[in-house]
Structures are given as structure tokens and as C-alpha cells.
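K.L.:
Chains as they are written, first to last, in the working numbering: chain H, 38 to 125; chain G, 3 to 257.
These are computed hints drawn from the structure, not numbers from a lab. Cβ coordinates follow ideal geometry from the N, Cα and C atoms, glycine included. Among the hints, erroneous ones may be present.
Facing chain H, from chain G, some residues (calculated, C-beta under 8 Å) [said to hold, decoys possible]:
hint : residue
1    : Pro53
2    : His84
3    : Gly85
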Amino acid sequence: MCTMINESTLISGVGRGADGWFPVTHAHIGFDHATHSQAEHALLLDFVNPSLGTGARIALEMNIASGKALVETLQAAIQAAELSGARE
Amino acid sequence: MWNSFRTDSPPVITTEVIEYAGANGDQINAYVAKPVGNGRSAGIVAVHHMPGWDEFYQEFSRRLANHGYTVICPNLYFRDGHGTPDDVAAKVRAQGGIPDDQVVGDCSAAMQWLKGQSTSNGKVGIIGTCSGGRHAVLAASRSSGFDAVADLWGGGVVAAPDQLTEKRPVAPIDYTKDLNTPLLGLFGNDDQSPTAAQVNQHEEALKKNGKNYQFHRYDGAGHGFFYYHTPLYRQQQAMDGWAKVFDFFSLNLRG
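With these hints in hand, go ahead and build the complete structure from the sequences.
P.N.:
Have a look at this one:
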């Protein structure tokens with residue numbers, strides 16, 4: 038099914054794509070048809086820079102359990118970073 | 003019928019990418035596959051699925067052409083830039099899809115392109131899978147000139163009000179009274195969109211409006227059961243489904 042589920046946010050970072058590092062400006066998180074993983078649907082994580090064309094994209098496909106584990110890990114790392122007092 | 007050509011006259015096709023004026027006169031590109039020769043043939047508009055104007059749809063178009071049809075597969079994502087099919091589809095997905103009005107215009111213009119070919123027999127069908135199935139029903143309902151429409155597991159033909167968006171403001175089922183084209187529907191009973199209940203609802207609307215349709219529902223299949231490049235593929239159901247598609251188009255486009 039086409040779920041059309043998608044959430045987007047602005048982000049500021051850099052990512053390594055097929056042609057090297059590039060500035061990443063947007064993150065799109067969907068749950069829709071998997072294109073490469075062996076699942077009917079998957080969490081689709083895209084880190085992109087629209088101003089650089091459609092190829093400026095770092096793509097991940099994963100199952101929901103992996104997505105939850107990733108969120109928990111990300112939150113733990115952010116909490117530790119904020120508690121550390123280290124500057125960005 | 004599959005694998006029924008004569009070995010002394012096997013089908014031969016040519017393929018190319020063309021540009022034509024789609025919705026609002028916008029130039030877009032399209033994959034064209036057609037039988038070799040000057041004989042008359044019916045046309046088919048192949049409406050690609052949400053994963054994009056991709057290699058599957060090139061092969062899908064060639065398969066239809068191999069069975070004697072001139073096929074045009076418009077790149078509905080042309081306006082959203084170019085790259086690999088996955089990358090372009092990801093961009094479109096993040097934008098919430100493409101506007102229904104634009105798709106209808108692109109498909110209607112593709113139908114006119116087919117009818118303008120010197121080899122056209124004057125008849126044109128339209129077929130799509132997944133979002134393309136929904137788009138095919140929509141285009142056939144809102145454009146005059148199609149002679150047959152095949153909806154292969156199109157999700158969203160039936161939609162709740164909270165599922166409608168600016169780009170998809172009307173559920174195709176609400177155009178049922180305007181559909182004056184024979185409809186073929188193929189569905190997997192394990193599909194989540196359309197669900198069996200939604201297929202029932204669509205069928206009730208077709209019956210109520212006295213429409214010419216045939217629905218075929220398959221046990222042991224879900225969404226995308228023709229997709230041999232994915233785990234969704236179901237060989238037996240897919241081959242039977244292809245036979246239904248060829249019979250349907252032969253009946254309505256060659257008569």
C-alpha cells in the first residue's frame with residue numbers, strides 16, 4: 038500500500054553521499070514501500086539537500102524496531118552530550 | 003496469452019524516450035514501447051507507481067508492447083527533477099506526492115498522443131499499479147476518450163475525508179458515476195490498501211451506478227503481487243492476473 042506517511046524537519050549538518058561530503062539541510066522520515074530491503078514497508082530515512090539536486094541524498098531503510106532503537110540511542114547520546122558540558 | 007507467439011513470426015518491438023506536452027502544456031518525457039511495423043495497434047497509457055518512473059515500468063511497458071500494443075509510460079515525476087528513480091521518488095514522497103489534476107492532464111495528453119500515431123486503431127486503454135492504479139481510475143473517470151481502464155491494487159480509490167489533501171482532494175470512488183469506460187480490477191485479499199472491505203465498497207458503487215466492470219480477487223496475495231523484484235511477488239496469482247489483463251484489453255481495444 039502507499040501509506041503517504043511522511044514527516045520532515047530542517048536540520049543542519051553534513052553527510053557523506055556517493056560523491057563525497059555535502060551539507061544536509063532536510064530530513065524526511067517516511068513509512069512506505071521499501072525499495073531495497075526485503076520488506077513490504079519500511080521506515081525510510083532520507084537526509085537531503087534539495088538545492089544540490091535529487092542525488093544529494095543519504096538514504097536508509099529499516100524496520101520499526103530498528104527505528105525505535107535508533108531513537109533511543111540518539112536520545113541517550115544527546116542527553117550525555119548535554120550533561121557533559123562540551124560545546125558543539 | 004503468455005508465450006503463445008509463433009516461432010516463425012515472433013513479436014518485435016522498439017523502444018524510445020520521447021517528450022510530449024502534458025498537463026498545462028508542460029513538456030515531460032515518456033517511455034514508449036511499440037510493435038515494429040505499420041500495422042494498426044491499440045494504445046495503452048501505463049501509469050507508473052509511487053516508487054517512480056523506474057525499471058519495472060520500462061519492463062511492464064515492453065511486456066504490453068510485446069503483446070501488440072503501443073504503450074506510453076509518462077514520467078509523472080518529470081517536473082520534480084532527475085536522478086535515479088529512487089532519489090526522484092524520495093523527493094516526491096517528501097512533498098506528499100503529485101497533484102491529481104496534473105496526473106489527469108498528463109495521462110489525457112498521453113492518450114491523445116497515442117491516438118495521433120499513424121498506426122493507431124483509434125482505441126486507448128490505461129493501466130496502473132499501486133498509486134498508478136488509483137491514478138488510472140481517476141484519469142479514466144475525468145477524461146473522455148479512454149476505452150478501457152485496468153486498476154491493479156490501486157490504494158486510495160476509497161478514502162476517508164481525513165485522507166484527502168490539497169493534492170488529492172477527491173477520492174476516485176466519488177467520480178464513479180462519471181466512469182464510462184470498462185474497468186478491470188485485480189486485488190490481493192491480504193492487501194492493506196485497498197483492503198478487501200474497500201474493494202467491496204468500490205464494487206458496490208460500480209453496481210449502484212450500473213457500470214461495466216470485472217473485479218478479480220486473489221487469496222494468498224497482498225499488494226504488488228506482480229512485482230517480481232520484491233518479496234511481494236506471487237507467481238501463480240501474477241500469471242493469472244496477466245492473463246486477465248491481456249484478455250480485458252483484447253476484448254475492449256481490439257474489437
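K.L.:
Hey, does the His84 of chain G contact hint survive, CB to chain H under 8 Å?
P.N.:
holds, 7 Å
K.L.:
Under 8 Å, Cβ to Cβ, is where Gly85 of chain G needs to be relative to chain H, so tell me if that hint holds or is violated.
P.N.:
Where the cut-off is 8 Å and the nearest Cβ of chain H is about 3 Å from Gly85 of chain G, the hint holds.
K.L.:
Taking 8 Å as the limit, does the beta-carbon of Pro53 of chain G come near enough to a beta-carbon in chain H?
P.N.:
Pro53 of chain G check passes; min Cβ-Cβ to chain H is 6 Å, inside 8 Å.
Consistency with the previously given hints is maintained throughout, with no hint failing.
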